[in-house]
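Once you know that position 306 of the sequence shown is 306 in the working numbering, the rest is easy, because the numbers rise by one and skip nothing.
The hints are simulated quantities; they were obtained by calculation from the structure and are not laboratory data. Only a predicted model underlies this, so the values are computations on that prediction, with no experimental measurement involved. Possibly wrong hints are sitting among the right ones.
As the list claims (entries may be wrong) - The list that follows gives simulated cross-link-like pairs (lysine-lysine, BS3-like), each with its CA atoms no further than 30 Å apart:
1. K160 x K51
2. K160 x K125
3. K318 x K308
4. K51 x K224
5. K318 x K399
6. K399 x K6
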Amino acid sequence: MSASPKPPAFDPADPLGLDDLLDPEDLAVRDTVRSWAADRVLPYVADWYEKGELPGIRELARELGSIGALGMSLTGYGCAGASSVQYGLACLELEAADSGIRSLVSVQGSLAMYAIHAYGSEEQKNEWLPRMASGEVIGCFGLTEPDHGSDPAGMRTFAKRDGGGTSRSSGAESGGDWVLSGRKMWITNGSVAGVAVVWARTEDGIRGFVVPTDRPGFSAPEIKHKWSLRASVTSELVLDDVRLPADAVLPEVTGLRGPLGCLSHARYGIVWGSMGAARASFEAALEYARTREQFGRPIGGFQLTQAKLADMAVELHKGILLAHHLGRRMDAGRLRPEQISFGKLNNVREAIEICRTARTILGANGISLEYPVMRHATNLESVLTYEGTVEMHQLVLGKALTGLDAFR
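Based on the sequences and whatever the hints tell you, model everything.
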């Protein structure tokens, strides 16, 4: 009998050998994004976070466009046409740098660009997607309102018909201009966006609108005094009788199916991205445990510390494996929204716990911006609740498991 092949050496950075699931193109995408983040984000992000700003966001967007990270899993119109797994790997690497950077990319690609790509007219796609893919134009996504977050069906922003219409294409809907009024809240990229996808009530139901942000009546004051996602632009959108041509509406969808479809795509990115924040915190704790000495030896040599590191590693790499599984299902066209809820619920909760445990290993140093742990922990408090709170994802799964709707 021939001898069994010798297994490779144990790799603390990849204890389950998950890199074996990736092909060379996957690894190239991951390495490109990781290298960009190491060069353009990590040296500066602690300072950005401390100051509560993201300077040079337009330049960063153009750079992200140049490496194909904006709308990267979309096809055509200047988009990279990458696989869902490759998009997920990019989200993981971006959030390992900072959740705010991953949010910039997610809102651009998975919300604003995805809405236009999935539900827009050919004219809308040609007008906006190439410039958004390159980072020339930043987009935002207006769904959440000051009084309506988890229940978007209750939105108060409305759009009404007015006049004879100023449609710019013969194939567009007729019936006059649209006039939008209302407010949206907690909008990533809002103050720097050149275009906003805004969801509003109409006589025909909820519709999406492509809104150039230079329209009279549109404003986007930035939200200050945040203690989470500080290296990110977050805004309110104010729509004060914003007049749009008839063809500004997204023609291919009516009802909540539109925005919820976009949110599913963005939530998938969070399943991966949250593991990036967890990985960065785990790696900081592991390195600290190897070098920090107490009682005459490194603290990583004590049983309690090793137990923490082992538990963190188990949850981190289980989460990455879950993300990979969901990515393969998405690429095969078999991923359901309930499965995305499964992933977001598990991975964000576990990422926060990993950050909190990492902070205990670092002791007082864990609260310092010299280390990434507290920054990631506070960012994840936002990730935990945006694009679906813990409770909403629990109820999505509860309904799927029981067949009973507890939402109403």
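Of the hints stated earlier, which fail here? 1, 6
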